[in-house]
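Next come the chains, spelled out residue by residue.
6 protein chains.
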Amino acid sequence: MLEIGQTYNFYGKVLNLNDSTYDHYPINVFSEDSENLIVRLKKEEEVSVNKIYYFETVAIAFKDKIHLEAKTHTILGEMDIPETKKEKLLKFFYHYAPIDTEAIRTDIEGIIKTIENPVLKKMTETIYDRFREDFYLYPAATKFHHAYISGLAYHTHSMLMLAKGFFKVYSFLNEDLVNAGIILHDICKIFEFDSYEGSEYTIKGKLIGHITMGANLIDAVATELGFQDTEEAMLLEHIIISHHYYGNFGSPRKPAIAEALIIHFIDNIDSKTTVLGEELNLVETGHLTSSIGVLERERYYKHKLTND
Amino acid sequence: MLEIGQTYNFYGKVLNLNDSTYDHYPINVFSEDSENLIVRLKKEEEVSVNKIYYFETVAIAFKDKIHLEAKTHTILGEMDIPETKKEKLLKFFYHYAPIDTEAIRTDIEGIIKTIENPVLKKMTETIYDRFREDFYLYPAATKFHHAYISGLAYHTHSMLMLAKGFFKVYSFLNEDLVNAGIILHDICKIFEFDSYEGSEYTIKGKLIGHITMGANLIDAVATELGFQDTEEAMLLEHIIISHHYYGNFGSPRKPAIAEALIIHFIDNIDSKTTVLGEELNLVETGHLTSSIGVLERERYYKHKLTND
Amino acid sequence: MLEIGQTYNFYGKVLNLNDSTYDHYPINVFSEDSENLIVRLKKEEEVSVNKIYYFETVAIAFKDKIHLEAKTHTILGEMDIPETKKEKLLKFFYHYAPIDTEAIRTDIEGIIKTIENPVLKKMTETIYDRFREDFYLYPAATKFHHAYISGLAYHTHSMLMLAKGFFKVYSFLNEDLVNAGIILHDICKIFEFDSYEGSEYTIKGKLIGHITMGANLIDAVATELGFQDTEEAMLLEHIIISHHYYGNFGSPRKPAIAEALIIHFIDNIDSKTTVLGEELNLVETGHLTSSIGVLERERYYKHKLTND
Amino acid sequence: MLEIGQTYNFYGKVLNLNDSTYDHYPINVFSEDSENLIVRLKKEEEVSVNKIYYFETVAIAFKDKIHLEAKTHTILGEMDIPETKKEKLLKFFYHYAPIDTEAIRTDIEGIIKTIENPVLKKMTETIYDRFREDFYLYPAATKFHHAYISGLAYHTHSMLMLAKGFFKVYSFLNEDLVNAGIILHDICKIFEFDSYEGSEYTIKGKLIGHITMGANLIDAVATELGFQDTEEAMLLEHIIISHHYYGNFGSPRKPAIAEALIIHFIDNIDSKTTVLGEELNLVETGHLTSSIGVLERERYYKHKLTND
Amino acid sequence: MLEIGQTYNFYGKVLNLNDSTYDHYPINVFSEDSENLIVRLKKEEEVSVNKIYYFETVAIAFKDKIHLEAKTHTILGEMDIPETKKEKLLKFFYHYAPIDTEAIRTDIEGIIKTIENPVLKKMTETIYDRFREDFYLYPAATKFHHAYISGLAYHTHSMLMLAKGFFKVYSFLNEDLVNAGIILHDICKIFEFDSYEGSEYTIKGKLIGHITMGANLIDAVATELGFQDTEEAMLLEHIIISHHYYGNFGSPRKPAIAEALIIHFIDNIDSKTTVLGEELNLVETGHLTSSIGVLERERYYKHKLTND
Amino acid sequence: MLEIGQTYNFYGKVLNLNDSTYDHYPINVFSEDSENLIVRLKKEEEVSVNKIYYFETVAIAFKDKIHLEAKTHTILGEMDIPETKKEKLLKFFYHYAPIDTEAIRTDIEGIIKTIENPVLKKMTETIYDRFREDFYLYPAATKFHHAYISGLAYHTHSMLMLAKGFFKVYSFLNEDLVNAGIILHDICKIFEFDSYEGSEYTIKGKLIGHITMGANLIDAVATELGFQDTEEAMLLEHIIISHHYYGNFGSPRKPAIAEALIIHFIDNIDSKTTVLGEELNLVETGHLTSSIGVLERERYYKHKLTND
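Protein chains in written order, with the working numbering: chain V, 1 to 308; chain A, 1 to 308; chain E, 1 to 308; chain R, 1 to 308; chain Z, 1 to 308; chain F, 1 to 308.
Excised from the complex, chain V in its bound form (with noise of 0.2 Å):
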């Protein structure tokens, strides 16, 4: 319970914004300790909701209720603190990937060092190292599939690790050509939605895309390294453009070389296969999960020789 007059500071997540026509309005907020409260912020103050703020407060009456009146609030990134604490905020109040994030870029870095054609590699390297850090936070989709943070480093690295088996069966593959266009497919999912957390498409994920994006970095970085009439940068390119295959699906073109090709088929098993994972993980054995979007709206039986 909190007492009138008391300091309260606390880590929490804005839920909504009120009107009012006091010089303090109120904003809904749940914070670290599960609490739902009440905070009033000064008319020329701003906060967006589905952001962490630390909030440093004192409990005042108001009406019949209880109050937090805020001193002083500060955004999660710019707050001085270890990355461990800044994590399991962000773990605590967002849906997160099932993943061991560092496991993961153990992985991927391994692959990375694992090119060796030097005109892939240093592709590779220059965007990876340019973008790690949205990399591993945001999602791969607002909705759909691996629409949580790190969404987007979870889907790249099962496709990684798909891909292995696939060098097994058909030996033509170029195995670099492959894991680094596996690698930038998608990167430029982090400038189609406007954060990591609670993602909304921007006007211009909207208008332009991370597909045509994705080829304009390409481009961009190619020149820059003075590659931009390799055949490389060419296929990396295509590889990006060419990854949903075409039509409803918004490539403008269908893979032309077996690398695209394959690059697609994962991409698309991948994406369908871990949200049908997560729904059998929600129903009890014996039954049907719900109707999956993704699936063609179909609901699949959890059958009973389910691994547990």
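It is worth saying that the hints were derived from the structure and are not from the lab.
One or more hints might be untrue.
If chains are identical, the list can't say which one is meant, so a pair holds when it fits in one copy or spans any two.
Stated by the list, open to error - Dumping the calculated DSS-like pairs for lysine-lysine here, alpha-carbon to alpha-carbon at most 30 Å:
#1 K254 - K122
#2 K143 - K85
#3 K71 - K42
#4 K302 - K121
#5 K42 - K86
#6 K304 - K168
#7 K164 - K302
#8 K143 - K302
#9 K304 - K206
#10 K121 - K51
#11 K121 - K254
#12 K86 - K143
#13 K304 - K254
Note that the structure is a prediction, hence the values are computed from the model and not measured.
Go by the hints and put chains A, E, R, Z and F onto chain V.
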């Protein structure tokens, strides 16, 4: 050069039958020595085009030419000769999968041994044992993909290899079910074609098809083994009828369990990627392939990083 | 009005089960006298929603109300009462096809007698005799068309009647094959649903479906009767698997014989026209029906020449 | 053998026109005696390919051959000869529906007599009487189905026969409306083609089509008879414009009354099943037909139970 | 405030009819002064919802409220008042096209005057003169686009203006035919709806539709004027039936002359772009519109260069 | 007639290269005097098929014929001759747009001058100036529409002319954006083909395409000019990637601003209507054109009111 009166005994594939008003009629035969010969058979005797026979003949003069009058002819399957000799003849006369049959047989039988679920193991073994010989001879299709002798086993083996990669990423999959499903999914192709060499669809193949014949087979074997009411038999039958997915691909049901979905994905990928690999093999680096039927008639580019 | 302490015995349909912390739990029952009653059952006893039971009860006070405590309850199927009484109860509690079951039974059995081809006759009789009882009880679907008790027999009968007209115009049709095909085409609907009243799809219904179950049944019965290699068994199986035509309708094969095509036409027409007749029945002359699901969501006009 | 100077008078169908620098030009004519003749016409005279003429000629020498110089030529339609002679000539020179025209005329006129609704009766009689002659001569299409002389009447008759079966099963249908609708549904085909023999689409046939011409005809005749505001005229017009159903089949409206839906079904069935019967006629039992255009290019199997 | 016993005369739109057991029944009326009033009518008198009437009433007490008892009520169309007064009332009570009707009338009649081809001129004038009044009142649709009073004339006018640009670029177009075609293409919309205010489809609108009614109209007027066999009448009829292009848009024929194709293009563009303009008007710069039905449910961005 | 020993200098287009075992190899050349000549080149020299060269040759005897041995050969682009001479040669040897290039250049440059928005103006001018020469030479496609030299400029010009009409009707359009968008929408077609004469798709054209190359170009030039974060650059890039609308037409995004939608409409119309005009030009009044690929393979009627 043939000499009149001499005896010539040889294996040969029948290319063509011709009418004749004489009491012997001429047929065109391609011999194991790569010669095009004309053999004359008695009116009342029959041979089938595209099959291999052992002919015992004697050379005779016919108009200005030398023909071979057949004394006996025996179809290859009824010759009492070593298997290795038979296989050598088949490889000479027909288009063959580019594989080492013995090696894939070892792999496939090894995987059957790993199946732990007793119902799946018994069902798979029973069916595999019953049709093993044809399983290693039949093609997977009359055109489109794996349309050569042993194509069915080659395709099945590649699918089993690809599946291993999926087990690592999607731990909720039941490996036994995926492996049993892959081994049995196309097995009734052996009833869809009239023979393994130069295959044509039979009437039953056209009217019923390998998918429904496969369902019937599972149903009959399950009843025979006392498994007719098991979850396992139902799931295997479901995998078989849903592996073409649905709609204009001949499946009466969409996949509704995770393992059926994965088998569909792998089947689809292997049927396309194997053809793509074969087509890339036919062109030089830097060029486009011909239009590829199974890949929406697209032409693929053999890029300059292609492995040789 | 119920009197406390009195005995009340009656047939009733279970509408709802409710939780309770007492050692009896309350269920809602709709009685043969159209009353909504609350019956209390012992914790360890089970009844199924939507089924009819014979209850022997005594009225008790419960809080401010009068409940009926069940002494016994027996499911209708196990009551030793005349068939006519059973049918009367079913007609009262469930939605029923608007037909005289005895009359259509006479028609259908008359048509079976006309089949001259011995294989078709034996196959049809064997399957019909084995499932006759359910055949006259099950619906033809859980929604869409003929979704009421006896719907399957009603639909089958209408198709047989329509077929007569076709024999006159298209003399090349084999009547035996059309009649046998119609009688058997949907028979495995009885396995697709969990019961004939208030039917739901079973898991096997969803994963395998009446089309493939029908194929399995033909295959098994043909084997049992020694007809496994007959043209007749193959044609019947073909008719069953092709009667939804193809594509997004669940048939793995298109019709490839004239009789299969005709059965597809008649099946399609009856499933739509019967619904249309029912919908026209619900509106007044000069008005439009509601949007009709099976007719592409169109609204039909009940014109002023409509027969009443 | 022709003799120079002799007179030859005969009926013949013009096969071909040839250029010439002489003042007579040669045409190829197939005669009623099945001979291929060369007839020479004066430059200023015209004949049409594919039409039948009565030629009065005299044999002349032309280079090394004998040609026939035409003195007169009269198109069959203008010859004053008995109808039976005309019909015999038409049957000889053209492809004809396999029917007894007199018998179906009796049937059709009998059905018109049964129409009780006075508006429908008057509309049907008026239009039928006005176009009766052409109705029994025109084909139902230039290709696809019933593409031969009298095809239109043959198709209309089969539809009327099939409809009888529907009246028994679906008692809510208005028989008068169905019968009138069937008789009139395709009647404007006679304006879509340039002639009944060797028909080609006219420009008006291509730009307006029999469906809209049919609507115009109903509209004009209704006005002429004072029925312009009747329910009957509206329903007949609706039946005509909706009988191809919709979409890529050229109907501007979907059926919205039961009778229009039934006529659509019957029209569709007869146009396909008649072709199927004709194709089965061309192959032997146990074989597949050619690919059939109106049946999605499928090949059908003439099974061993087929009636002969 | 109403005073009991006082007389109140006013124009009002009927919103609702209510049942009553008294000999007067109450209706809700929205008056020209924007008041919601309850008017009581005698049992035997009828008014239509959504229509404007002139009411002469007297205020009476009814239970605790004041109602207005109607002495007379006259529908707007029968009031003898100036056109400008009528138009003012219509604009007040209904949703109206954002145009100056007089200005577009001048433009349209000016364009009719420019038609030089005598047949096209006479046909266009005859039809336009006959339906001019309704032409300027009816909407172009009940929803989707131009769904307000005068929508038909507004849409027709925009199309005529757009066509001018096409004549400059594509000199092979016949201007008379394009202009006549545009003016007449949708004219039968006035028969498709039951009134110009608050329009609903009539049964004839649903069963026949403005496209076929338009064809009938051209056909009838051509016959009336002696133009029934002219190229011009055929082309006009073709334009009308093909202006929705084909397929699922209700045209029985695709455009087959250049002018029909151009009219289809312009019709399609104006029906979509006008809606888009209206939707952009509703949002602020920098934001997305709502999902727009006629534009495949897409949301459009009102960018920062948008003209105000 | 060629005389042995004489010198012959001329422009010619290379038709064909032939193998030879001699140290000169023969090529077929079509000369500016419309002669088909055989020119012999030294083994180590290369020419390209379909290109124009200036040849200096001497006539020699070769077997029974006279060949021309080339002393020098210079590709047209490297000849120091007046532009008018070059253009005359191009027009002679290739298929050319039916336009006055100078006139449309004046129009286009006039429109660029009218652009007021400084970012759009600078972007448009920069790109136009950089590629102006090729812009007036390249076709708009290799087949389908405007598939001739200068086709790109011709198509762009027609679109600009059509746009003027739209500005009058839809006042909410930003003219600068529409004009800039039209000028730039197809400009990367010059990179999609290997040359402007006898164009073939390059590998980069196939793998990346003019739409994505256009996006890259906008992105690179915006960065170069410091406009990378402007609304204008984003909108231009959006227009380019959405001008094929979406789906099976190669656009990765649908139009989402009004100007992009209008450019899509105009582009679509001009690409079809120009072809239609060309096809109508090829037939006589009263006849149908051939089937037209870009118009769904329809045949169009050249009616009797067609302007000549």
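Do the hints match the structure? See the list:
no.: 1; hint: K254 - K122; result: within (26 Å within a copy, 34 Å between copies)
no.: 2; hint: K143 - K85; result: within (27 Å within a copy, 55 Å between copies)
no.: 3; hint: K71 - K42; result: within (9 Å within a copy, 62 Å between copies)
no.: 4; hint: K302 - K121; result: between (43 Å within a copy, 21 Å between copies)
no.: 5; hint: K42 - K86; result: within (26 Å within a copy, 55 Å between copies)
no.: 6; hint: K304 - K168; result: between (32 Å within a copy, 21 Å between copies)
no.: 7; hint: K164 - K302; result: both (28 Å within a copy, 21 Å between copies)
no.: 8; hint: K143 - K302; result: both (23 Å within a copy, 25 Å between copies)
no.: 9; hint: K304 - K206; result: between (43 Å within a copy, 15 Å between copies)
no.: 10; hint: K121 - K51; result: neither (36 Å within a copy, 40 Å between copies)
no.: 11; hint: K121 - K254; result: within (25 Å within a copy, 34 Å between copies)
no.: 12; hint: K86 - K143; result: within (24 Å within a copy, 53 Å between copies)
no.: 13; hint: K304 - K254; result: between (40 Å within a copy, 19 Å between copies)
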